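**Q** Next come the chains, spelled out residue by residue.
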Amino acid sequence: MSEPSTPISASQAKDPRFAARLKKRYTSERRFRLLGLGAVVFSALVLAFLIVTMTSNAIGGFKRAELRFPVDFAGAALTLDAGQLAAPDARDKLKTAGLADVIVIAGTKSAGALAASEISDSAWGEVADRLIGDPDLLKSSLEVSVPVTNDLAAALRGEGPEKLRPLAASLAREGKLVSRFDPGFLSRSDATDPQAVGIWGALKGSILTMAVTLLLAFPIGVLSALYLEEYAPRSRWTDLIEVSINNLAAVPSIIFGLLGLSVFLWIFPNYRSAPLIGGMTLALMTMPVIVISGRNAIKSVPPSIRDGALAVGASRVQTVFHHVLPLAMPGILTGTIIGMARALGETAPLLMIGMRAFVATPPDGFTSPSSALPVQIFLWSDEVSRGFVERTSAAIIVLLAFLLALNGLAIYLRNKFETRW
Amino acid sequence: MKKSVLFVATACAVTVLLAGCGGGGNASRDTVRAVGSSTVYPFAKVVADGFAKANSGMASPIIESTGTGAGMKLFCGGVGTQFPDIANASRRIKRSEYDDCAKNGVTDIVEIQVGLDGISLGEAKGGLALPLTQTMIYKAIAANPFGKPNTAKTWKDVDASLPAEPILVYGPPSTSGTRDSLKELILVKGCESDPAMKALKDSDKEQYDKICTEVRGDGLYVDAGENDNLIVQKLEANPKAVGIFGFSYLEENMDKLSGLTMNGVAPTYASIADFSYPGARPLYVYVKLAHVAAIKGLKEYVAQWAASWGKDGVLAKAGMVVATDAVQATNARIATELTKLDPATLK
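So the protein sequences, as listed, match chains B and W.
My numbering numbers the first residue of the first sequence as 1 and each following residue consecutively.
My numbering numbers the first residue of the second sequence as 1 and each following residue consecutively.
Hints should not be assumed to be uniformly reliable.
Output of the computed footprint for chain B on chain W, the stretches with three or more beta carbons under 8 Å from beta carbons of chain B [said to hold, decoys possible]: (1) 29 to 42; (2) 290 to 297.
Simulated crosslink set (DSSO-like; lysine-lysine; CA at most 27 Å straight-line) [to be verified]: (3) Lys317/W to Lys109/B; (4) Lys95/B to Lys94/W; (5) Lys148/W to Lys73/W; (6) Lys299/W to Lys95/B; (7) Lys296/W to Lys53/W; (8) Lys73/W to Lys95/B; (9) Lys204/B to Lys201/W; (10) Lys94/W to Lys73/W; (11) Lys103/W to Lys317/W; (12) Lys163/B to Lys148/W; (13) Lys93/B to Lys24/B; (14) Lys125/W to Lys296/W; (15) Lys296/W to Lys95/B; (16) Lys93/B to Lys53/W; (17) Lys296/W to Lys93/B; (18) Lys347/W to Lys198/W; (19) Lys317/W to Lys63/B.
Rather than coming from a laboratory, the hints here were simulated on the basis of the structure.
Predicted model only: the values in this text are computed from it and were never measured.
Each residue gets a CB set at the ideal place from its N, CA and C atoms; glycine is no exception.
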């Protein structure tokens, strides 16, 4: 800016053509700014719309209808003493002792026979767990809050079978039938009754799958990026590899699913629907993303760092691992998280390898059959029962929260490792 | 130095992981695996739930909804823990599928009819209320009704008694068991109302299949995917459209939809159970006999089906149409004695 610009003479500035040109320039400037702002506002609105509709639907999904009434265990004829509840088969004992009937009888006394007949089949199990947790409760009267059937829950929302609606309304007025926050949604697994489903099985499946993906894709991706960038001679072959990797990153995910089906399931036929196979398939998909972002990150490390390290006598390996890689780490991590986030939301390849199954118990390892979050959402959206609509939204919120946590971790790591020069 | 340690550690973890799964070729399995029809899937889940409650300590069966055809393919892959134990089907196993099974060593199959389902025609409340017959539906959605290209654009073109409203039908895709039933129960019946077509069946089977079961592809019949909920939504949005889906979806959405009569019979629970509604079809479960001894819980799971399909059973509550008492008794016997399927009865 040190160069003196040619001053505009007063006569020039008064020239109407000059004024028109100047005005045109300002207008185009303003137009561009408005367009950019418009684009940002539009995408923000779309995002806000998505989040608002999802959360407003999901609030119902995190709740469930419960019937509240007192049960007098001391007065009920449960042929059990507190000591028996310490045994590992306490649940079976409580079942044979007629716990379910005790609950229904108590429910009938409090809310009437029709309401008691709408108590969910799984209700006794929840009460049983409470009793096992605190055997002394057997000697007292206990206020229980048990889930009701899907029909009564729908009636409470005002949409279920006509004959239950007045009952639901009157029970709700008395405060006996309430829609309560359901913490169990985060700890149970898939079920047939929307009142009894939970997301934990799918969430755990997703976590295990992601772990396998990360363990496979990250080392392989980073090592390939390092080799290609630091060691490989520039030749026709490396060009070919580069093009192939770029192509691989753009391959539709369903193709990877077919590959997983025909290769991985052929090698390990017993692990259909297992997170191990899912993770391996998704790792194929994530790896090229890591390689590409890794190469860019490594490329952006200034050559002076390498020269400096070599100048003080570091070997090539020392240069790479002590200096280049730590400096490139933030970029590599960003790429990894983007790849992982994409893999987390992926449904198509998992459908191909059988992770679309109904699995009612959470997986206990990498090789046991499991579901995954996006597939669970897909499965629930296809359910007949309408109680699943809200549950599906709630599952979407859980998936988004998981994604957000991953992204948050990425930002934290990036800031931690980031160096400026 | 820290970084390289990290890498060695990850590399080790990967090796251990891969080595750990290397020996997985012939591991045993203690969960039942079932694959197949998306129509049977919700019912199979209900039975699985009941199984888990009745047999504490046993893992709940894994049920995968693949569609009847794809399920049969997996089921017939062979004998061994890597193949499913049960195939759910919304139609009978085909002769060709049975032969395929036999070729892969799956010779002993138990066939159990678990209940009924109706493919029903429905529309949004306040729709056209068309009084349809199988022949009308055939004429409306076949690609070449009676051998001539389909030119019908409105229902009036199909039959003069119907209103002059445009034809728009949402139905199952070709991979679905519901589509197979649509072909068998409605299209073929409508097609055979012309004796010439019946004659064609004997002379030129291929041509007959083409004329009688092919569905038009010009946009008036819309594939709505395996997701029957989607059809329900589309019907709500478009009250003049007709939807074809499983009866359980109609029953669940009775406040939004109403069923269309076929041959004067409305799709109701009773009319499907006694087969007076033409869209009724039986649902089956196929069990691999060779697996019964090897897979823990398989016998109990099959028994659970029999315990669930009664009139007041959980399956009826879940929307399945229960079979008649005689059919139930026969199949309960098959389920306990595990009688082999006689291939001679297959088509």
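**Q** It remains to establish, for every hint, whether it holds in the given structure.
**A** Outcome of the hint check:
| no. | hint | in the structure |
| --- | --- | --- |
| 1 | 29 to 42 | holds (count 6) |
| 2 | 290 to 297 | violated (count 0) |
| 3 | Lys317/W to Lys109/B | 25 Å, holds |
| 4 | Lys95/B to Lys94/W | 44 Å, violated |
| 5 | Lys148/W to Lys73/W | 35 Å, violated |
| 6 | Lys299/W to Lys95/B | 23 Å, holds |
| 7 | Lys296/W to Lys53/W | 16 Å, holds |
| 8 | Lys73/W to Lys95/B | 41 Å, violated |
| 9 | Lys204/B to Lys201/W | 54 Å, violated |
| 10 | Lys94/W to Lys73/W | 11 Å, holds |
| 11 | Lys103/W to Lys317/W | 39 Å, violated |
| 12 | Lys163/B to Lys148/W | 51 Å, violated |
| 13 | Lys93/B to Lys24/B | 86 Å, violated |
| 14 | Lys125/W to Lys296/W | 48 Å, violated |
| 15 | Lys296/W to Lys95/B | 23 Å, holds |
| 16 | Lys93/B to Lys53/W | 13 Å, holds |
| 17 | Lys296/W to Lys93/B | 23 Å, holds |
| 18 | Lys347/W to Lys198/W | 17 Å, holds |
| 19 | Lys317/W to Lys63/B | 23 Å, holds |
Going through the hint list in order, the structure does not satisfy hints 2, 4, 5, 8, 9, 11, 12, 13 and 14.
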